[in-house]
Amino acid sequence: MLTVTGLCKSFGGKPALHDVSFKVERGEIHGLLGHNGAGKSTTLGIILGMVEPDGGEASIGGISVQRDHAEAMRQVGAIFESPAFFEYLSGWENLRILSEFSGPFKERATRKIVERVGLTKHINNKVGTYSHGMRQRLALAQALLPEPKVLLLDEPTNGLDPEGIKWFRDFILNLREERGITVLFNSHLLAEVEQMCDRVTILREGRLVHDGTLKSLQDEAPVYEATLEPWDEARDFLVLNGARILAPGRIALPPDADPAIIVAALVGSGIRVSAFAPVRRSLEDLYLEITAKPSKEEALPFLPVA
Amino acid sequence: MNFLRQLRGELRKLFGRRRTYIGYGVFLVMELIILFVFKLERSQRGMRELIERNGFGFDDYYSSLTITYWVMGFSMFLLGSIYFALVAGDIVAKESEDGNLRLVLARPVSRLRILLLKYAAIAIYTVSFVIFVGITGYAMSVAALGWDGGLFVWNYKMKVFAVFPDWGSGIARIGLAAVGIGISMITLSSIAFMFSCFKMKPAAATIMALSILFVDLVLQEFPFFKPYEQYFITWRMSSWVYLLENTISWPKLAMSYGFLFGLNATLFLIGYTAFRLRDFKT
Numbered sequence: 001m002l003t004v005t006g007l008c009k010s011f012g013g014k015p016a017l018h019d020v021s022f023k024v025e026r027g028e029i030h031g032l033l034g035h036n037g038a039g040k041s042t043t044l045g046i047i048l049g050m051v052e053p054d055g056g057e058a059s060i061g062g063i064s065v066q067r068d069h070a071e072a073m074r075q076v077g078a079i080f081e082s083p084a085f086f087e088y089l090s091g092w093e094n095l096r097i098l099s100e101f102s103g104p105f106k107e108r109a110t111r112k113i114v115e116r117v118g119l120t121k122h123i124n125n126k127v128g129t130y131s132h133g134m135r136q137r138l139a140l141a142q143a144l145l146p147e148p149k150v151l152l153l154d155e156p157t158n159g160l161d162p163e164g165i166k167w168f169r170d171f172i173l174n175l176r177e178e179r180g181i182t183v184l185f186n187s188h189l190l191a192e193v194e195q196m197c198d199r200v201t202i203l204r205e206g207r208l209v210h211d212g213t214l215k216s217l218q219d220e221a222p223v224y225e226a227t228l229e230p231w232d233e234a235r236d237f238l239v240l241n242g243a244r245i246l247a248p249g250r251i252a253l254p255p256d257a258d259p260a261i262i263v264a265a266l267v268g269s270g271i272r273v274s275a276f277a278p279v280r281r282s283l284e285d286l287y288l289e290i291t292a293k294p295s296k297e298e299a300l301p302f303l304p305v306a
Numbered sequence: 001m002n003f004l005r006q007l008r009g010e011l012r013k014l015f016g017r018r019r020t021y022i023g024y025g026v027f028l029v030m031e032l033i034i035l036f037v038f039k040l041e042r043s044q045r046g047m048r049e050l051i052e053r054n055g056f057g058f059d060d061y062y063s064s065l066t067i068t069y070w071v072m073g074f075s076m077f078l079l080g081s082i083y084f085a086l087v088a089g090d091i092v093a094k095e096s097e098d099g100n101l102r103l104v105l106a107r108p109v110s111r112l113r114i115l116l117l118k119y120a121a122i123a124i125y126t127v128s129f130v131i132f133v134g135i136t137g138y139a140m141s142v143a144a145l146g147w148d149g150g151l152f153v154w155n156y157k158m159k160v161f162a163v164f165p166d167w168g169s170g171i172a173r174i175g176l177a178a179v180g181i182g183i184s185m186i187t188l189s190s191i192a193f194m195f196s197c198f199k200m201k202p203a204a205a206t207i208m209a210l211s212i213l214f215v216d217l218v219l220q221e222f223p224f225f226k227p228y229e230q231y232f233i234t235w236r237m238s239s240w241v242y243l244l245e246n247t248i249s250w251p252k253l254a255m256s257y258g259f260l261f262g263l264n265a266t267l268f269l270i271g272y273t274a275f276r277l278r279d280f281k282t
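Order-wise, the sequence lines are chains R and E. Under the numbering used here, residues 1 to 306 are what the first sequence spells out, in order. Under the numbering used here, residues 1 to 282 are what the second sequence spells out, in order.
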């Protein structure tokens, strides 16, 4: 439904995205994760045609955003962090003005959506009087008015209270259930991503470092806690064999490595192995590991274990 | 049809903002002050000399039509320009700064369409503002001096002198002149609009546009530039006064408005190119 292929972008000579590619399947809720400056907003900007890529392309429903922006956008609804409406106009007037860019204004459909997002009582008030939560509901209404097939959400729950976050999450999940809508969800709130997303794409310094399910993220680089003596020799041995040292005694093995073989190799090298057990990591741990800046040790290529 | 619906929305945004009305308020106050001044004997003396020196009766031509001509002609460049530059300088830059534009750019609409809508909105604002000033100026003059009397036109710079003794032809020419001024002033709005399309603050776009206007006005007064006056933007913008000649010189008008139309199109294209190449990032 949404395909991003080889996206590259620099701002003032500083690279922001480097060869980023991923796909979001129809009816999927897909998380886009990364630190500030990792390239999430640039990616979203390119998908919405607001940022021109130096290379690569984004397409929605098979239509290239860069070649046929208007046609591609017919399938999209977007919500931004702190949505900026026309403060001096009412919520209703804002919806009318914005939806007329997508086609004739449909009063009945608009009333239904306004009711669904729970804004009926306030829709004729000026947006300047709205709370953050109400603005976010209005943003949802404007995004849903053109009956989109794809929803692009840029940090949509930032600044919402826990009830607001729950309401938003349930709303999106229901929407997917009812309409099979596809969602690309850019967020810092890992708990949200864990509860909502089927798949995630993680960016680090403009490069894609993970694209897959959360489960595959856990399988990708299994982490073990080990008590090894002498540690310095054990560390050199492990690094040489493609493992990453996350902290003393905390080791990420290559995805295809067999821990039994590694333990046997360590013992065979004269290293005392008192403990070597897998660690169950939260999404937060995984996220922090994967988005941490690469160290010199990590920069070494994974080698097959001897 | 879509364009008209979207234009209605653009106008709703434009006229929904309080600052759009600052100019209307200021002009109403200024018109009241001018009328008060024109009621003073000392002020009338100058006008009396001007009218009678040319062989016309003061009582016949010191009228609501003549006062309206003075109000519109002499206040629009210096005072009106501030509001045109303010509104046109805001139209893209403010929405870009506030983030409203992202909501529009995420819709199935081209950037060219967005700019055409905004340009049409400021053109409508500019012309309607001048017409508003003309109508209110005339209404106030009628309240002060009565509706009858002819129109006396005198413009030293553009070398125009004309009289319209009957009310009917006078009011028709004043109406025509109001439209002419409005079309001329679109050029100033176009300059501010062009700057507004660049990545800059709305205030910067307004100041840049006003700077160009005033530099043009000042340089034009230098004797060195006298032979080249027809190349100055403000000289061309002043051509509306030809609409008040007894026999309208259409070739002169066509030349000037052609010049302004070409300039406006160029300014729009520069603005569009800058806007088209811009990245809008969160």
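The hints are simulated quantities; they were obtained by calculation from the structure and are not laboratory data. Don't take every hint at face value.
[Claimed, not checked] In the DSS-like style, the derived pairs of lysine-lysine whose C-alpha atoms are separated by at most 25 angstroms in a straight line are:
1) R:K106 <-> R:K126
2) R:K112 <-> R:K149
3) E:K252 <-> E:K199
4) R:K14 <-> E:K226
5) E:K159 <-> E:K94
6) R:K149 <-> E:K199
7) E:K226 <-> E:K157
8) E:K159 <-> E:K226
9) R:K106 <-> R:K149
10) E:K281 <-> E:K94
11) E:K157 <-> R:K14
12) E:K94 <-> R:K23
13) E:K226 <-> E:K201
14) E:K281 <-> E:K201
15) R:K112 <-> R:K166
16) R:K14 <-> E:K252
17) E:K94 <-> R:K126
18) E:K252 <-> E:K157
Predicted, not measured: the structure shown is a model, and the values here were computed from it.
Here's how the hints hold up against the structure:
Between the alpha carbons of K106 of chain R and K126 of chain R the distance comes to roughly 21 angstroms, so the proposed pair stays at or under 25 angstroms and holds. Taking the CA atoms of K112 of chain R and K149 of chain R, the gap is about 18 angstroms. The hint holds against a cut of 25 angstroms. Only pairs whose Cα atoms come within 25 angstroms are accepted, and K252 of chain E paired with K199 of chain E is rejected, the gap being roughly 38 angstroms. Of the supplied pair hints, the one linking K14 of chain R and K226 of chain E is violated, its CA atoms being roughly 50 angstroms apart against a limit of 25 angstroms.
For the hint pairing K159 of chain E with K94 of chain E, the CA-to-CA distance comes to about 41 angstroms; that exceeds 25 angstroms, so the pair is violated. With a C-alpha separation of about 32 angstroms, the suggested pair K149 of chain R and K199 of chain E falls outside the 25 angstroms cut-off, and the hint is violated. At roughly 11 angstroms between alpha-carbon atoms, K226 of chain E and K157 of chain E fall within 25 angstroms of each other, so this suggested pair holds. A distance of roughly 14 angstroms separates the Cα atoms of K159 of chain E and K226 of chain E; the hinted pair therefore holds under the 25 angstroms criterion.
Taking the CA atoms of K106 of chain R and K149 of chain R, the gap is about 18 angstroms. The hint holds against a cut of 25 angstroms. For the suggested pair K281 of chain E and K94 of chain E, the alpha carbons sit about 15 angstroms apart, so the restraint of at most 25 angstroms is met. Note on K157 of chain E and K14 of chain R: the hinted pairing is violated, with a Cα-Cα distance of about 54 angstroms set against a maximum of 25 angstroms. Between the alpha carbons of K94 of chain E and K23 of chain R the distance comes to roughly 35 angstroms, so the proposed pair goes past 25 angstroms and is violated.
With a C-alpha separation of about 35 angstroms, the suggested pair K226 of chain E and K201 of chain E falls outside the 25 angstroms cut-off, and the hint is violated. The hinted pair formed by K281 of chain E and K201 of chain E meets the criterion: a straight-line CA distance of about 16 angstroms does not exceed 25 angstroms. As the CA atoms of K112 of chain R and K166 of chain R are separated by approximately 21 angstroms, the hinted pair is consistent with the 25 angstroms bound. Proximity of K14 of chain R to K252 of chain E is assessed by CA-CA distance (about 54 angstroms); at most 25 angstroms being required, the pair is judged violated.
The straight-line distance between the Cα atoms of K94 of chain E and K126 of chain R is roughly 19 angstroms, inside the 25 angstroms bound, and the hint therefore holds. In summary, the hint linking K252 of chain E to K157 of chain E is supported, as the alpha carbons are separated by about 15 angstroms, within the 25 angstroms threshold.
Comparing the model with each numbered hint stated earlier shows that hints 3, 4, 5, 6, 11, 12, 13, 16 do not hold.
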